[in-house]
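In order, the protein sequences belong to chains A and B. For the first sequence, the numbering used here gives the first residue as 1, with consecutive numbering after it. For the second sequence, the numbering used here gives the first residue as 1, with consecutive numbering after it.
No lab work stands behind these hints, which were simulated from the structure alone.
Beyond 10 Å from chain B on every Cβ pair, some chain A residues (computed):
id: 1; residue: L88
id: 2; residue: H95
id: 3; residue: R97
id: 4; residue: D129
Distance ranges between label pairs, derived from CB positions:
id: 5; chain 1: A; residue 1: A85; chain 2: B; residue 2: T31; range: 20 to 28 Å
id: 6; chain 1: B; residue 1: G37; chain 2: A; residue 2: S72; range: 21 to 29 Å
id: 7; chain 1: A; residue 1: A21; chain 2: B; residue 2: D8; range: 41 to 49 Å
id: 8; chain 1: A; residue 1: M49; chain 2: B; residue 2: R6; range: 37 to 45 Å
id: 9; chain 1: A; residue 1: E16; chain 2: B; residue 2: F22; range: 44 to 52 Å
For glycine and all other residues, C-beta sits at the position ideal for the given N, C-alpha and C.
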Amino acid sequence: MIVIDTGPLVAFANQEDPLHARAVDALERAWGGEHGEAFSTDFVLDEGMTVLMIRVGRKSVSQEYARLFDGSTERPLNPMMSTPADVLQAAIEIHLRHFERRLSFTDCTLVAHAKRRNAKVLTFDRGFDGLVEVVHP
Amino acid sequence: MSTTVRIDESDKDRLRRLQQRFEKVHGRVPTHQELLGMALAFVERNETSFIEEADWRPFTREEIRARAKRIQGNYGKWSAADIDTILYGGDRP
Numbered sequence: 001m002i003v004i005d006t007g008p009l010v011a012f013a014n015q016e017d018p019l020h021a022r023a024v025d026a027l028e029r030a031w032g033g034e035h036g037e038a039f040s041t042d043f044v045l046d047e048g049m050t051v052l053m054i055r056v057g058r059k060s061v062s063q064e065y066a067r068l069f070d071g072s073t074e075r076p077l078n079p080m081m082s083t084p085a086d087v088l089q090a091a092i093e094i095h096l097r098h099f100e101r102r103l104s105f106t107d108c109t110l111v112a113h114a115k116r117r118n119a120k121v122l123t124f125d126r127g128f129d130g131l132v133e134v135v136h137p
Numbered sequence: 001m002s003t004t005v006r007i008d009e010s011d012k013d014r015l016r017r018l019q020q021r022f023e024k025v026h027g028r029v030p031t032h033q034e035l036l037g038m039a040l041a042f043v044e045r046n047e048t049s050f051i052e053e054a055d056w057r058p059f060t061r062e063e064i065r066a067r068a069k070r071i072q073g074n075y076g077k078w079s080a081a082d083i084d085t086i087l088y089g090g091d092r093p
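All chains, full assembly: derive it from the sequences and hints.
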């Protein structure tokens with residue numbers, strides 16, 4: 001199983017991002033099942049929606065980003081795991097234990113999800129290294 | 001009317017673990033039947049996520065590329081590598 005971070009999804013969308021090609025390759029592999037089941041989380045939806053609003057500012061792009069996660073009308077490309085209370089608690093502990101790493105709290109929730117499910121994390125971020133098994137595009 | 005549902009040993013272990021967690025929080029031990037009822041109620045409240053997770057299948061490259069067309073475009077010269085700075089306003093030390 002692999003949990004997908006915000007960076008690869010946003011770079012997948014933006015063809016002008018220098019990381020675009022790497023994101024496309026990594027996500028095609030992940031969604032194609034190379035690491036087993038591929039999921040993101042509610043926190044990743046949150047980060048992506050916010051960063052696209054700030055940097056792109058087009059409602060249609062935000063709508064399409066949300067559709068990646070939306071299973072109400074079709075099988076979502078990037079299904080979303082909600083973050084339950086016990087994963088949030090684990091994320092708080094990770095955040096405080098590794099405070100000096102300056103990981104965002106969203107990153108800590110991804111680590112907590114990954115640890116709970118014995119999953120890898122697909123991310124550009126080097127801050128995860130050593131905390132959980134990581135796949136860098 | 002009651003129906004017998006077979007539960008294998010690994011699922012019984014899961015139920016026992018849930019019983020222990022429940023007892024720790026609520027101070028009482030629920031029956032397996034009660035726990036299963038609560039689990040189904042929880043699934044009902046989170047039905048979309050449950051169905052997505054229960055039936056995950058890989059996508060073909062063609063399916064992915066068809067979906068990609070909906071979202072991909074030229075959205076400016078910025079990078080996903082800068083997300084933390086964009087959102088949280090600072091780099092790590």
